[in-house]
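Protein chains in written order, with the working numbering: chain A, 2 to 137; chain B, 2 to 137; chain C, 2 to 137; chain D, 2 to 137.
Check each hint, because a few of them may be wrong.
Heads up, the list lumps identical chains together, so a pair's fine if it works in one copy or across two of them.
Taking lysine to aspartate or glutamate and the EDC-like style, the derived pairs with C-alpha atoms no more than 16 Å apart in a straight line are [claimed, not checked]:
| no. | residue 1 | residue 2 |
| --- | --- | --- |
| 1 | Lys-125 | Asp-60 |
| 2 | Lys-83 | Glu-123 |
| 3 | Lys-68 | Asp-93 |
| 4 | Lys-68 | Glu-118 |
| 5 | Lys-58 | Asp-113 |
| 6 | Lys-68 | Asp-39 |
| 7 | Lys-68 | Glu-126 |
| 8 | Lys-98 | Glu-36 |
| 9 | Lys-68 | Glu-36 |
| 10 | Lys-58 | Glu-104 |
| 11 | Lys-98 | Glu-126 |
| 12 | Lys-98 | Asp-60 |
| 13 | Lys-83 | Glu-5 |
| 14 | Lys-83 | Glu-126 |
| 15 | Lys-58 | Glu-130 |
| 16 | Lys-83 | Glu-118 |
| 17 | Lys-98 | Asp-39 |
| 18 | Lys-68 | Glu-130 |
| 19 | Lys-68 | Glu-123 |
| 20 | Lys-125 | Glu-32 |
| 21 | Lys-83 | Asp-39 |
| 22 | Lys-83 | Glu-36 |
Worth flagging that the hints you see were computed from the coordinates, not collected in a lab.
Each chain, letter by letter, is given below.
Protein chains: 4
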Amino acid sequence: MMHETFVRTRFCETDALGHINNTSYFIYLEEARIEFFDLLGANMETQRWQFILASTKCDFMAQGYFKQNLVIQTWVSRVGTKSFTLNHKIKDTQTGKVIALGEAIVVYFNFDTQQSEPVPTELKEQLLEYHGAQAE
Amino acid sequence: MMHETFVRTRFCETDALGHINNTSYFIYLEEARIEFFDLLGANMETQRWQFILASTKCDFMAQGYFKQNLVIQTWVSRVGTKSFTLNHKIKDTQTGKVIALGEAIVVYFNFDTQQSEPVPTELKEQLLEYHGAQAE
Amino acid sequence: MMHETFVRTRFCETDALGHINNTSYFIYLEEARIEFFDLLGANMETQRWQFILASTKCDFMAQGYFKQNLVIQTWVSRVGTKSFTLNHKIKDTQTGKVIALGEAIVVYFNFDTQQSEPVPTELKEQLLEYHGAQAE
Amino acid sequence: MMHETFVRTRFCETDALGHINNTSYFIYLEEARIEFFDLLGANMETQRWQFILASTKCDFMAQGYFKQNLVIQTWVSRVGTKSFTLNHKIKDTQTGKVIALGEAIVVYFNFDTQQSEPVPTELKEQLLEYHGAQAE
């Protein structure tokens, strides 16, 4: 399984080189991450939980342009003890062309104690449902 | 008197038309406003006070470009009972060319009661020091 | 008639006050403006035309929040010789609450001669179809 | 040798968690990269050259806050045939605390032929002057 988030690029996300500025891709990746967390949360009503972003990365494969319709595919590539890794593929919805690849390392974090904690079993199982997916 | 804030435009603030995107000017105006509030606050240590932005506006007089050094001049054009108006002139520091004119209506606000309140006399006096300045 | 643009607020569009930052509203207004121009352009295939933003303004009526679904209603409030004025109302789609009011003065501009030009009759007629609309 | 870029965080770069949003760090990294390219360019007047960003990454070590004065240290960690890697350390200028670590893979690119090209010897030598620096 993998999650799909859809965005249409905005004019203010372009830059003077005529394409989407590199910083804008991290806006799209944040959107995808938050939608994915919402999705998990929808199944976990008995428990409030939080995440901290430890690291994020983007490989730029092709230029993106204004008014482009993009899909950001999100899946889980690693589930560790206290953290997990999300991978993203950003594609043009019309041509299927890969525009960028993203990655995010997310730490399971207790905001009360301000410390990382082991990923709960229930969440681990949810994450594993999105594990190993190969975005095409 | 008027306050001057200096910014150098960033690449990600441009857009595909090759100039500074209109949304970026509001980043500069926010910078100028916050610096101006800091300045006032520096003289008002006995009192914590807060502001709410009720309205903001920008007239675009000339195009701005990447790596341009800008000065944002800020002065007070109106001091009312519960609000005041700031005006801004954004100029190229090298040529003096006017790039944009800004305006902000700021309400004096009590965050505890969630209501606007009369601007205190001491603050009014501070604001009046920056009143009527004609940015050249 | 009026045009409606839909946006869902993003996390990176919030600020440390816990609400949508004032600069983000100008992103939404740009989205609405561009969609409106697209709409007009769709009816004007025989002619390439361009616009320049001369001024933009936003009145903040209520705080906006993360993950809020907003509609930006756009209509024409003035059609002049060489320019026209767009008005916007930003509302929460669920409650109908007005979050902000926007305005944009747009100049009809010839990029080849770098000069403003009279708004063509055909465009004037299109604009007048969206004139006088009262967003509710 | 390493290059230092100074930024003061802006209010609109924060988010509703009360700290600097992750996407804002990529604004700072772009600033640092562009300053570094300017620096190299200043020594290479006989030749116009261009770069393409192939990948960028940020590890978030500590939270950043509004009005924080940051220094972004930039150095070269790899010089390859057609590309090179920049590393960045973002620190609080007052406390020296490390806030984030950045990385960027940059490809030497000929915009006329739209192809990557070997990094010229002169540029390689310039890059090597910033190689191996250990930011403290």
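How the hints compare with the structure:
In this assembly of identical chains, Lys-125 and Asp-60 lie within 16 Å of each other by CA distance neither inside one copy nor across copies; the values are 27 Å within and 23 Å between. In the homo-oligomer, the alpha carbons of Lys-83 and Glu-123 lie at most 16 Å apart inside one protomer (13 Å), although the nearest pairing across protomers, at 47 Å, exceeds that limit. In the homo-oligomer, the alpha carbons of Lys-68 and Asp-93 lie at most 16 Å apart inside one protomer (11 Å), although the nearest pairing across protomers, at 24 Å, exceeds that limit. In this homomeric assembly, Lys-68 and Glu-118 never come within 16 Å of each other (Cα to Cα): the closest approach is 41 Å inside a single copy and 27 Å across copies.
Taking CA atoms no more than 16 Å apart as the test, Lys-58 paired with Asp-113 passes in neither setting, with 28 Å inside one copy and 29 Å between copies. Within a single copy, Lys-68 and Asp-39 get their C-alpha atoms only as close as 26 Å, which misses the 16 Å cut-off; across copies the closest is 11 Å, which meets it. Taking the shortest alpha-carbon separations for Lys-68 and Glu-126, neither the intra-copy value of 37 Å nor the inter-copy value of 26 Å comes in at or below 16 Å. When the C-alpha separation of Lys-98 and Glu-36 is checked against a cutoff of 16 Å, the pair qualifies neither within a copy, at 22 Å, nor between copies, at 25 Å.
With identical chains, the CA atoms of Lys-68 and Glu-36 are at most 16 Å apart between copies only, with a shortest distance of 10 Å across copies and 21 Å within one. In this homomeric assembly, Lys-58 and Glu-104 come within 16 Å of each other (Cα to Cα) both inside a single copy, at 5 Å, and across copies, at 9 Å. Within a single copy, Lys-98 and Glu-126 get their C-alpha atoms no closer than 32 Å, and across copies no closer than 37 Å, so neither meets the 16 Å cut-off. In this assembly of identical chains, Lys-98 and Asp-60 lie within 16 Å of each other by CA distance solely inside one copy; the values are 14 Å within and 28 Å between copies.
Taking CA atoms no more than 16 Å apart as the test, Lys-83 paired with Glu-5 passes in neither setting, with 25 Å inside one copy and 34 Å between copies. For a Cα distance limit of 16 Å, the shortest separation of Lys-83 from Glu-126 inside one copy, 14 Å, qualifies, whereas the shortest one across copies, 43 Å, does not. In this assembly of identical chains, the alpha carbons of Lys-58 and Glu-130 never lie at most 16 Å apart, being 23 Å within a copy and 27 Å across copies at closest. Proximity of Lys-83 to Glu-118 under the C-alpha cut-off of 16 Å is restricted to the intra-copy arrangement: shortest distance 6 Å within a copy versus 43 Å between copies.
For a Cα distance limit of 16 Å, the shortest separation of Lys-98 from Asp-39 qualifies neither inside one copy, at 27 Å, nor across copies, at 25 Å. Taking the shortest alpha-carbon separations for Lys-68 and Glu-130, neither the intra-copy value of 33 Å nor the inter-copy value of 25 Å comes in at or below 16 Å. Within a single copy, Lys-68 and Glu-123 get their C-alpha atoms no closer than 39 Å, and across copies no closer than 25 Å, so neither meets the 16 Å cut-off. Proximity of Lys-125 and Glu-32 under a CA criterion of 16 Å is satisfied in neither setting, with 22 Å inside one chain copy and 38 Å between copies.
For the homomeric pair Lys-83 and Asp-39, neither the shortest alpha-carbon distance inside one copy (19 Å) nor that between copies (41 Å) is at most 16 Å. Neither within a single protomer nor between protomers do Lys-83 and Glu-36 lie at most 16 Å apart by alpha-carbon distance, with minima of 21 Å and 37 Å respectively.
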